[in-house]
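Colleague: Each residue of the sequence shown is one higher than the one before, counting from 1 in this note's numbering.
For the record, the hints were derived by calculation from the structure and aren't laboratory data. There may be inaccurate statements among the hints.
[Said to hold, decoys possible] Using 25 Å as the maximum straight-line C-alpha spacing, the simulated PhoX-like pairs for lysine-lysine come out as follows: (1) LYS185 <-> LYS166; (2) LYS137 <-> LYS148; (3) LYS183 <-> LYS55; (4) LYS134 <-> LYS183; (5) LYS211 <-> LYS166; (6) LYS156 <-> LYS215; (7) LYS137 <-> LYS156; (8) LYS148 <-> LYS166; (9) LYS163 <-> LYS211; (10) LYS163 <-> LYS134; (11) LYS137 <-> LYS163.
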Amino acid sequence: MKRVAQRKKKLLFFNIMNKIRNAICVALLQLVVKISNYQTKSWEVKTDGCFRTYKQIKFSILHPEPDMIHIEDIAKGLAYKPHFSGFSPQFFSIAEHSLLVERIVAASNPENYYERLEALLHDGSEAYTGDMIKPLKNLLPNFVVIEKRIQAVIYKRFGIFPKGVKQADNVAQDIEAAVFYGKAKYDEIRYLTPDSAYTDFLNKYNYLMYKINEKNQ
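Using the sequences plus the hints, can you model the full thing?
Modeller: Structure below.
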């Protein structure tokens with residue numbers, strides 16, 4: 001009986017501490033939001049969420065449509081933006097990261113060209129939004145919604161029904177981290193220039209589309 005009573009006391013104590021911790025987290029989050037709103041009032045933001053892309057397409061961050069998506073814009077945007085928020089020994093683009101993820105998927109399933117295309121385009125939204133670090137992204141839930149909406153439109157534009165390539169993405173990032181910070185060697189990390197990454201990305205896209213069209217005939 002004493003053991004049961006002790007367990008109940010421990011469980012009650014745990015529940016109380018858990019509630020206190022959750023309350024503190026909520027209070028801190030509310031404080032962050034309050035400070036953010038103080039710094040930038042919503043009525044001070046004067047934008048329609050649109051900008052011109054490399055292909056001179058008027059792209060809407062808030063209301064993206066498939067006809068706003070162009071593969072050259074994605075290739076250019078990813079090739080000229082750094083992965084890992086630029087914290088790599090040399091310039092390493094999101095495009096080169098995407099090519100690495102595609103190769104990882106191809107190694108296990110070479111004939112699934114739609115999955116390989118999904119891998120190539122899995123970070124396509126970052127061509128328009130940039131590669132935001134995860135801790136900051138977690139503090140901006142609206143950004144995540146916008147990013148996912150753009151990514152969904154990209155998949156729709158290229159006829160992809162995403163099955164998920166997160167495992168390959170994680171493997172690629174582990175390899176990159178080992179090379180960047182652990183001094184490991186991996187021939188697939190080439191530190192391509194933006195122009196080379198742009199060309200390689202487009203070449204890979206064109207190859208995959210050729211194979212997809214060939215299989216559909």
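Colleague: In ascending order, which of the hints set out earlier in this document are inconsistent with the structure?
Modeller: 3
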